Amino acid sequence: MVTTDEKGPLTAKKKSVIIRSCDGDEFLVSESAAVLSTSLKKILEEKEDRLIHLSDIDNKTLAMVIAYLSTHADDGLSDDLKRSFDQEFVSGKEFDVLKYLVLATDTLQVTCLCYTVAKKMADIMKNKLVEWVRREFDIQNDYTPEAEAEIRRLDAWAWDDRQLEDD
Amino acid sequence: MQGHQPHPATPISDAAFLIKRGKKRGNYNCGRCGLPKKGHKCPFTTDNDDVSTTPVSTPAAAAGDSSTVTTLSSASAVAAGKVADTSPPSVVRPMMPASRRRALSFDDLSVADSIDELEEERFDLEEDLDLDGSGNLPVSCLWEVLRRLPPAELLSAARVCRGWRETTRKLWRAAEELRLRVPAKAQIGFVGSVLQKCPCLLRLSLRIESDVDATMLACIAFSCPNLQSLEIFTSNSSINRISGDELSRFIAEKRCLTSLKMEGCYNLGGFIFSSTSLSTLWLSDLHSLSKMVFNCPNLKEISLDFSRQENDSTDITTVVDALGRSCPKLQNIHIASFLLSHEAVLALSAANLRSSVSDSGIGMICNVLPETLSKLLLALCPNITSKRLLLQCGNLESVHASDCEDMLVKTIETQVYGDFAAVENHFPSKRLPDGSKRVRIPYFCSPQFLAFPKLLLHQGSSILHAIASLCRLWSLSKKNLPSSSAIS
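Residue numbers (this note's numbering), protein chains in the order written: chain A, 14 to 180; chain B, 5 to 492.
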């Protein structure tokens with residue numbers, strides 16, 4: 014999934030930057046899109062080099078983030094369109110994908126995307142069993158059974174007798 | 005140096021938080037004694053303690069800081085399956101936003117969500133947080149996700165692992181606004197246990213499905229020392245046993261309280277509200293109040309909604325008179341009662357209330373009562389201008405204007421008949437002996453404007469909301485209707 018610009022990375026030196034994922038693929042991104050990420054903006058302000066290596070964002074995630082940035086950098090789109098794009102962007106995504114996305118937005122400091130994704134994750138987590146959450150986040154239960162029972166006793170009141178889901 | 009981008013809705017402010025610059029910044033509330041940190045010197049603080057605090061949202065700030073090299077790496081990586089916060093202690097942090105955020109300005113929450121949504125401020129997390137159990141997400145990400153969970157979910161999230169419990173604990177501690185639904189089976193002690201988690205709470209909204217009494221008030225008073233806004237909504241099944249004395253005491257003791265909204269006030273009996281901070285007061289389902297004293301000089305908005313029961317014995321006229329005399333800053337008055345009469349309205353205007361009901365206020369009335377508003381009296385309203393007035397009420401039958409500028413009357417005419425000018429261009433209007441202008445509007449057979457006989461506006465100060473309620477009640481029950489001739 015190499016999406017390096019066909020025209021060559023150096024033709025638009027002032028206006029674009031190359032971002033390399035941890036898989037080694039390079040993405041050509043317009044500078045107006047890149048600066049929506051606070052981290053990238055800082056890098057671009059401080060150095061001439063137009064190649065930025067992201068050591069912990071994979072191809073798939075980076076492509077999504079760049080699609081998001083490009084859309085939001087497009088001045089031709091109205092705010093309403095961008096909002097509906099945001100909704101479309103997170104809908105139907107696997108929880109795992111969202112998890113990588115929220116990590117990437119944290120690294121790149123794309124605040125609005127981070128909030129959108131975190132909201133989606135929180136929405137998915139609603140009405141889910143604790144066991145589901147542990148599984149999705151790959152968390153080991155480090156409570157003793159007694160400690161967990163105590164916490165359960167304290168929060169049980171907040172719940173109606175509604176059914177929690179495990180998938 | 006600005007590694008972290010604050011949310012646009014929370015502008016950086018409050019110089020008091022600048023005390024600790026750089027690697028140490030002020031927590032929203034003290035990590036040792038739990039008291040709000042603003043202007044607070046914790047007796048337990050040692051000089052080096054705060055060095056370890058790191059903002060929750062800045063693992064990437066570390067990456068930003070290292071941006072002189074080409075590689076940008078976050079503090080943690082899901083792929084690597086391990087989490088390590090590597091924020092160098094020397095990074096100069098930007099200030100965290102310290103100003104308050106309005107509810108729902110952050111997320112596009114649905115109405116259902118907003119019922120029990122928890123709103124928190126960002127705040128610092130301590131670096132030595134046990135990250136191993138936080139699910140391979142850096143605390144900043146986890147924070148962003150967890151803060152969007154409703155309170156009940158957040159309570160459950162503590163059960164996932166110790167790392168999560170620690171994060172939720174800090175989330176609770178940072179919370180400034182809490183909207184909590186209290187199920188019927190919940191006991192007061194459990195609600196108290198939640199409230200005690202959030203000592204910084206400024207705004208509390210409770211939707212209570214169980215019975216509620218003064219214990220709840222005491223619990224709130226104890227747990228939320230800085231509370232500014234309290235809303236208690238009750239369900240049909242729940243009984244509100246709070247008495248007038250108990251509520252009076254609560255209001256008198258809560259010196260920060262500016263807004264109080266309570267439903268199901270059947271058992272108040274009577275009250276003496278004394279507060280210099282209170283500016284908004286909504287009480288509904290009031291019934292047979294023996295004594296209502298408002299010693300609230302800064303009260304700007306009051307809504308008294310009486311139960312729609314025949315045996316209500318409240319003396320509305322006296323109440324309204326007292327309101328007018330003791331609350332000089334009143335702007336919005338909403339009184340809904342079967343007992344509301346012409347005399348009550350006169351009592352209010354006789355109290356020489358100066359107020360500022362404006363065009364938008366009228367617009368609001370029309371919006372709230374689009375179907376039922378049938379008569380509108382605009383009296384003594386100097387701030388109603390012709391510029392932005394918008395009357396859109398299908399069933400508006402009568403608008404009464406007195407001592408109004410010609411321009412205003414013209415505007416209303418335009419608003420009211422605009423669409424029908426082609427059909428009917430004859431609008432009888434005459435100047436009354438008292439100088440008021442009465443605009444008589446012809447009867448239309450339009451489905452939208454079934455009848456629209458009169459328009460009467462006075463110039464002066466205001467009693468608009470009272471009138472609006474009056475209008476609604478007129479249409480609800482015709483039996484207490486003052487006749488329109490009595491008004492004009």
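Derived from the structure by calculation, the hints contain no laboratory data. No experiment lies behind these values; they were computed from the predicted model shown. It cannot be assumed that every hint is accurate.
Below, computed lysine to any residue pairings styled on SDA-like, alpha-carbon distance capped at 25 Å [stated by the list, open to error]:
#, chain 1, residue 1, chain 2, residue 2
1, A, K139, B, S263
2, A, K139, B, K295
3, B, K189, B, T219
4, A, K106, A, A160
5, A, K106, A, H85
6, B, K189, B, N230
7, B, K189, A, C35
8, A, K139, B, T219
Pulled a few chain A residues facing chain B out of the computed Cβ check, cut under 7 Å [as the list claims (entries may be wrong)]:
#, residue
9, E39
10, I137
11, K139
12, R148
13, D151
14, I152
Pair ranges (Cβ atoms, derived) [said to hold, decoys possible]:
#, chain 1, residue 1, chain 2, residue 2, range
15, B, N302, A, K139, 38 to 48 Å
16, B, S197, A, Q153, 25 to 35 Å
17, B, S281, A, D92, 49 to 59 Å
18, A, L64, B, S281, 53 to 63 Å
Cβ coordinates follow ideal geometry from the N, Cα and C atoms, glycine included.
Here's how the hints hold up against the structure:
no.	hint	verdict
1	A:K139 - B:S263	31 Å, violated
2	A:K139 - B:K295	47 Å, violated
3	B:K189 - B:T219	16 Å, holds
4	A:K106 - A:A160	34 Å, violated
5	A:K106 - A:H85	19 Å, holds
6	B:K189 - B:N230	28 Å, violated
7	B:K189 - A:C35	52 Å, violated
8	A:K139 - B:T219	31 Å, violated
9	E39	13 Å, violated
10	I137	10 Å, violated
11	K139	6 Å, holds
12	R148	10 Å, violated
13	D151	6 Å, holds
14	I152	4 Å, holds
15	B:N302 - A:K139: 38 to 48 Å	40 Å, holds
16	B:S197 - A:Q153: 25 to 35 Å	27 Å, holds
17	B:S281 - A:D92: 49 to 59 Å	38 Å, violated
18	A:L64 - B:S281: 53 to 63 Å	58 Å, holds
Consistency with the previously given hints fails for numbers 1, 2, 4, 6, 7, 8, 9, 10, 12 and 17, ordered from lowest to highest.
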